[in-house]
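Q: With chain X's structure known, arrange chain A on it following the hints.
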Amino acid sequence: MPKWAEVVLVPLISLILAAILSALVILGIGEDPVAAVKLMVTGALGSTYGWGYTLYYATNFMFTGLCVAIAFHARLFNIGGEGQAMLGGLGVALACLYIPWPHWSLALIGATTMAALFGAAWAAIPAFLQAKRGSHIVITTIMFNFIAAAVLNYILVNMLRPKGSMDPATARFPDATNLPTLHDLLAPIGINFSKAAPANISLLVAIAACFFLWVLIWRTRLGYEIRAYGHSESAAKYAGISPVKITMITMIISGGLAGMMAINNVMGESERLVLNATEGAGFIGIAVALMGRSHPLGVFLAAILFGFLYQGGAELALWTSIPRELIVVIQALVILFTGALDNMVRMPLEKIFLSIRNARAPKPERKPVEPAE
Amino acid sequence: MDYMTLIQLLDSTVRLATPLLLACLAGLFSERAGIFDIGLDGKMLAAAFFSAAIAALYGNVWLGLLAGIAASLALSLLHGLASITFRGNQLISGVAINFLAAGLTVLIAQDWFQQGGRTPSLIGGARFNPITLPFADAVEPVPFIGPLYAELISGHSILVYAAFAAVPLTWWLLYRTRFGLRLRAVGENPAAVDTAGVSVIGLRYAAVCICGVLCGIAGAYLSTALQAGFIKDMSAGRGYIALAALIFAKWRPWYALWATLLFGLFGALETRPDVIEALIGVKVQGQLLGALPYVMTVIILAGFVGKAIPPRAGGEPYVKER
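Residue numbers (UniProt numbering), protein chains in the order written: chain X, 1 to 373; chain A, 1 to 322.
Here chain X stands alone, though its shape is the one from the complex (with noise of 0.2 Å):
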């Protein structure tokens, strides 16, 4: 199969079964589809205020994205990323509250930096637990999902909760971390965008990250380990490359990400850490991974994709009798074309372009086969 239709074509036809099946339930449960998706359009993507939810939203999806496509690299399947994500939120937290901070570039920093150490503390444990004791790795971190949503819940109750207070939630950063948003990033340059939508510098941060991931695994010798890892695990390590190594460092790298996560939700948007702050997008990363090849380029796309859904559903939501489940359903379908049932689109192709190639070459000349005498 050419690379296009690899790299397109599986992926968009991917979409495309779970967009129909998608409009299916959407009929199926009495709604227009069309009407749907022009209202998801116009309240996603028809003002700044839509765009700036659609971003905020792709700004997560890209963190967890990344952190679930880089585990794939490896092909370390890291299901853990809202764990690892609401660790990384803890991590902001105490950096915000604990450290005064002059301004909130240099809290921006300090707070990425704590967030990627907690998401990747917590991806660690795992990670040591697979390369060092063998324990199945995709077990262990939805493991720490609920560990981690209970002591998060712990700490929140009984440590970080502020006096009198009965919200199981930290009390408010300081003004000095607010992060600003698009509007004050855009103001400068002519742009009017809009003041409430919670997009913020976080998403420069995650394209960024992209870009840093791309160079890391096709332009670094460690990128190569990782990629020769996933490939082949012998061939990796007759080649010297170390499986504990290279299990410990993806993770890290992967948890790191998803910890990043909480600078864009937890500093940039609620600025205080809540109970259940990731909302499940630490699950939306499989899809985005997934839709994405595990590409960089890939994942923020698709992480757009997500945030504009995201955001369209909430619409939906808000002005029809859709819940906002619909955008669960799509995410589960997305999931299960582009991953699970990807050999069922790949499958029909490739015997399609085997037959296309096959026609267009000449036959090779037979030669004519003497009769026996």
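Treat the hints with care, since some could be wrong.
Which stretches of chain X does chain A cover? Using the computed rule of at least three CB atoms under 8 Å from a CB of chain A, they are [unchecked claim]:
{"id": "1", "stretch": "13-25"}
{"id": "2", "stretch": "127-136"}
{"id": "3", "stretch": "229-237"}
{"id": "4", "stretch": "334-348"}
Source of the hints: derived by calculation from the structure; they are not laboratory data.
Every residue gets a Cβ at the ideal spot worked out from N, C-alpha and C, and that includes glycine.
A: Relative to the frame of chain X, chain A by itself:
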């Protein structure tokens, strides 16, 4: 802690362990045949919704149970299609099924009942009601044994007894029948089964279907026996706890019973903080207790307490020729 408190605690342990036990046995069949299934939670959720919905619409809980099993079975077949026929990634398929169930149940519930993603409350014949075992009322005044029989053993719904009966049945099916031998073999070495002329695909589909039926019963129990109606996300991660119990039980049926009872006890203790305080003298936060099954599973997985070795061919699609 007095005797009656203990009985009450054990009684709610049994109630909470039942769905875990059914889901755990479901996972056992699937994983023993080499198909990883992290979609247990989604299947339970779908079954919980459809059994409550059909029971609410027709007022008959048995119809509801059938609908729940059918819904769970449909998701199982989807999992089979993705992971057996199209040799896709079983873990990713499981994740997709969980989300599919989480989204579709609310979507359909909202469309059918307009109650914000829940079904109407079930009453009378639309629920599995507690069964009073024979002589339960007669022996109740007898000290010690009376309350044990009347409160703990008697007075559960039929699904609870079915779940406990499923344990020896599973053991017998897996270890004493030809089908069981083949099923275990297909999870360890599918090529050998194939060489013997037995269909790997057929066996794996059979395992996945049994898994679907058991998950269906587990889900129906949640919404028609444990509670009276479906609410959004009511499986509440029980499928994952069942998965944890399965690892804890090292993929064996009798161990699965003890593991799920243990995790059920944790669940029961979570609702009774006073009992824990009386027992160990320290106030334990409920949230931390809820995380205990997961922590214990990680410790088991890490191999610090015994070693949990999964079926060897688990997670890998079978390809006939290489």
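Q: Now look at each hint and say whether the structure bears it out.
A: So, going through the hints one by one against the coordinates:
{"no.": "1", "hint": "13-25", "verdict": "violated (count 1)"}
{"no.": "2", "hint": "127-136", "verdict": "holds (count 5)"}
{"no.": "3", "hint": "229-237", "verdict": "violated (count 0)"}
{"no.": "4", "hint": "334-348", "verdict": "holds (count 9)"}
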